[in-house]
Amino acid sequence: MNDQTPPTREERTAALKGLGCARKRVEDARFTQGKGNYVDDVKLPAMLFGDFVRSPYGHARVKSIDASAALALPGVIAVLTAKDLEPLGLHWMPTLAGDKQMVLADGKVLFQGQEVAFVVAEDRYVAADAVELVEVEYEDLPVVTDPFKALEPNAPVLREDLQGQTEGAHGLRRHHNHIFLWEQGDKDGAEAAISEADVVAEERVYYHRTHPCPLETCGCVASMDKVNGKLTLWGTFQAPHVVRTVASLLSGIAEHNIRVISPDIGGGFGNKVGVYPGYVCSIVASIVTGRPVKWVEDRMDNLMTTAFARDYWMDGRIAATKDGKITGLSVHVTADHGAFDACADPTKFPAGFFHICTGSYDIPVAYVGVDGVYTNKAPGGVAYRCSFRVTEAAYLIERMIEILAQKLGMDAAELRAKNFIRKEQFPYHSALGWEYDSGDYHTAWDKALKAVDYDGLRAEQAERVVAFRRGETRKLLGIGLCHFTEIVGAGPVKNCDILGMGMFDSCEIRIHPTGSAIARLGTISQGQGHATTFAQILASETGIPADNITIEEGDTDTAPYGLGTYGSRSTPVAGAAAAMAARKIRAKAQMIAAYLLEVHEGDLEWDVDRFAVKGAPERFKTMTEIAYAAYHDAIPNIEPGLEAVSYYDPPNMTYPFGAYICVMEIDADTGEHEIRQFYALDDCGTRINPMVIEGQVHGGLTEAYAISMGQEIAYDEMGNVKTGTLMDFFLPTSWETPHYTTDFTETPSPHHPIGAKGVGESPNVGGVPAFSNAVHDAFRAFGLTQSHMPHDQWRIWKTAQDLGLHG
Amino acid sequence: MIPAAFEYHRPSELSAVIALLSEHGDEARVVAGGHSLIPMMKLRMAALDHLIDLRDIAELRGIEVGATIRIGAMTTQHELLTHAGLAEAAPILAEAARQIADPQVRYLGTLGGNVANGDPGNDMPGLMQCLDARFTLTGPDGTREVAARDFYEAAYMTAREDDEILVAITFPRPGAGHAYEKQKRKIGDYATAAAAVQLEAADSKVSAASIAMTNLSDVPVWSAAAGAALVGSACGTPAVEAAVAAMLADIDPVEDSRGPVEFKKHVAATVLRRAIARAWSRV
Ligand SMILES: Cc1cc2nc3c(=O)[nH]c(=O)nc-3n(C[C@H](O)[C@H](O)[C@H](O)COP(=O)(O)OP(=O)(O)OC[C@H]3O[C@@H](n4cnc5c(N)ncnc54)[C@H](O)[C@@H]3O)c2cc1C
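Chains X and L, in that order, give the protein sequences.
Quick note: the first sequence uses this note's numbering, first residue 1, plus one each step.
Quick note: the second sequence uses this note's numbering, first residue 1, plus one each step.
For the record, the hints were derived by calculation from the structure and aren't laboratory data.
A couple of the hints might just be wrong.
[To be verified] Every beta carbon over 10 Å from chain L, so not counted as near; a handful from chain X, in silico: (1) Thr-8; (2) Ile-253; (3) Val-466.
[To be verified] DSBU-like mimics (lysine-lysine), calculated; alpha carbons at most 35 Å apart, straight line: (4) X/Lys-722 <-> L/Lys-205; (5) X/Lys-83 <-> X/Lys-226; (6) X/Lys-494 <-> X/Lys-187; (7) L/Lys-205 <-> X/Lys-475; (8) L/Lys-205 <-> X/Lys-149.
[To be verified] If you want the footprint, here are the derived chain L segments under chain X, 3+ residues with CB under 8 Å: (9) 1-7; (10) 173-186; (11) 256-264.
Fair warning: this is a prediction, and the values are worked out from it, not measured in the lab.
Cβ atoms here follow ideal geometry from the backbone N, Cα and C, with glycine treated the same way.
All chains, please: the whole structure from these sequences, using the hints.
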């Protein structure tokens, strides 16, 4: 039997397809064949459809709602209005940000597209016809879409429900449209640094309003079983367990009687974190009718009403010595939150983690103040493929660095290197209160500059400027630099919670008798490939091949409680839980192996997929053998079975970082651009699956490209959404999408069990400044300091026009 | 994004289409590829009780290439791209069709629908004006022809009567000096500005020039003056700038999310310069 050479350790390791393996995504077989199972694929007997009557106005009083014609239409079952929800206390609902939000218009509407009435009908077509038949009488009110105007003394009162309330969830409200002022850092110290500095760069940087726009819009199916009293809710939820708790608290249905299922999700990007009126209305409609009710947004509903992202007006001041050592940073943000404060942030952080805005730099003193403001725009303020407000922070600091470099007359790459937190400074305590776990910025930066031949590019750019001035070309060359530091993996329960639920996450593993396994986690994949990568973590930890491990998420009846997937937290938190649960499995397996091999536990060592006797590697028990024994042998003092669960409360966030460089050609006449090169170096600590990382980076960069170069939710002064369809809202196709070169360094997180940091959102965080800086850099020689995103054709043309480049 | 209910008709004779149109008046509309009409119905901006599908009408199909080129109204934009004879006889059609939307739209969208639609964003109307095409319309009172240059009255308003069908588009075989230059924000977008240019030359000078612009007014703009400015020149800067100035005097763009009026004028000038240069290089 031993005539075959036993597999080498390398071969055994490879067979696991564990950490570091570019394993193909197991999900893709069904996704690429159209066999995914999304919310809209859920079809139940006797299911009804809900659709909203929405406000055409940005701000108006609702004088009356007449649903009689709609109710007369055959197939219409019910039309719900705020009056119907009021007795249940559900006409308003709490938001994640400590505010409340109308479920259905209660006396007035505050943004275009706001939910006014919910029509329930036998099918989608009848529902759509009925929506047209509901007659709503409005009296329009003055509209404010500009947060600065909203704070003027005589601005119209948007939130009449809050009138007279000078205290909100996050402190004092100093004006009727003011939500909070949130401050962090040392205000006086920062002022002192600025007043004493050799050089101060000052700029208003706007990060415009945009939208995560997942391909699958938001939706749900609510099914109340009146016989057993159980409510089942399928939905596009990035945090199904929290939805269950919220649904229980709001509806009064006991939590064990609610089952929330997130099936396959077609992209979330933060859009599917919050609780929307559609969910509440579907649940109520199912309870009222006793039939399942489906609600699925169309594209316009999604773009116009469910959570937007960004809309931050950032006033930055950065101080430095004349040779370019940064001495202080002060930032004030006017944050446009729309009609209700429904930002999805950990409870204690109304501006998310915006105070990561000192970025990758060793800045001795800093201050941040964020004023939240109500306007007549849709609520939201979600983390669109970034940890909470981190993209805004990265954009601010990476713009300020560029502007400072200009002011100093210094190369922006050199200015960055000069101010990077040095490797030996980690763990680094930032002036705004974070403890950066690890990093090696200089190594990454040097590698990036070398990879693109930075000096060569600068020389080419200088020649181009000369040629442009001579009239030999109309094209400019921009070199967009960005070194970003992410903060992900929220987070320590001691300071991060959502509606009181600590932001831990969980994993439960069951090893089957034949040595395969199922693991369930509190997170939910929306395309990130959890079923692939979590199995790889478990494979390396347990010695069971990844192919033999099923990963399940999203069903609150089966999965352990977790806070869900957003803010790049799945790998840092649930991934850590997976490793910790696996280690519990291994600890028990070691005891079983000791029994089977008749040695002391301490005489065993772990070897890829087995426990072997120290010094006698031919004496071993594989995990498969151990699993069988766990179910078969009567082992003294050891319970049968092989299962473990871990709830992981991370000691700190993780701090992925990266160096991105974008080389862009810009046509000064037409405003068109071409991305000639995009180099992306990511350091996400331990790399679980390089192919999945590359896919995440490509996807995130493409979103960053869209955001910086054209994507926006724009309102006119009447409060009309100007970009409510994909004709005007920019989603790049394969045609527009640039080519990317990816690269990496690997600085493991010292506190994460496997050293992983998360990567899904880095490319959006780092990509936006890289693209935007390239545009700015193209015009640097002509004196441009700031032009706001998105850099679509007409805005670039306008920049050229204002700089006098059109002769 | 769900249209209201409608009756669907799919006759196989032109006469049956006309009969249906006469019977139902403005409650009926013909549908060709549906890629302009159906989005409007889904947005409930077009409400109609009867939709008459033209796809089974054989007379509306076919491409004939001779001294005159005749293209059946139901010819898809994809067919314009792939028809070998047409590629040789009038390459500007493929150059323009390639810049319309994406393959999925072009497989279904038709030339007839594109020119009959009357949307100033459509590319084919301007192109047809540049080529001096004629539209053959058949209605209850028989068949007539209208010049493309006389067809467009205002956005979505054309010389076609409600009960007339556009049967075919004909135009004289153009010369080699052509270019269709379009600027758009992305694939699937209508033009920020587009220019169709046909030039003919004799003795190294422009002997005839035709210039039409797209999405720069509520109708396509055939600028006779812009063409005239080039005749007799060798497309040097003064003549091109005179053509650009003439064109700018004829267009009337409005601000939208593609940009403000000044920008559109700037782009119109740029695309026209480029189109003239390319057309001249091909003469
Ligand atoms: C995403 C997207 C992007 C697009 N981008 C562009 C673009 O860049 N440039 C461009 O030019 N177009 C564009 N289009 C429009 C596309 O080319 C349409 O296919 C075209 O405008 C209409 O052709 P159709 O065959 O689809 O007509 P339909 O939509 O079926 O009909 C359009 C109108 O014409 C009428 N009609 C159709 N045929 C006849 C006929 N034979 N006689 C009388 N009336 C008739 C119909 O009643 C209707 O009013 C785009 C469409 C989409 C969906």
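Consistency of the hints with the structure:
no., hint, in the structure
1, Thr-8, "holds, 50 Å"
2, Ile-253, "holds, 32 Å"
3, Val-466, "holds, 23 Å"
4, X/Lys-722 <-> L/Lys-205, "violated, 47 Å"
5, X/Lys-83 <-> X/Lys-226, "holds, 24 Å"
6, X/Lys-494 <-> X/Lys-187, "holds, 25 Å"
7, L/Lys-205 <-> X/Lys-475, "holds, 30 Å"
8, L/Lys-205 <-> X/Lys-149, "violated, 60 Å"
9, 1-7, "holds (count 4)"
10, 173-186, "holds (count 3)"
11, 256-264, "holds (count 6)"
Checked against the numbered hints listed earlier, the structure breaks hints 4, 8; every other hint is satisfied.
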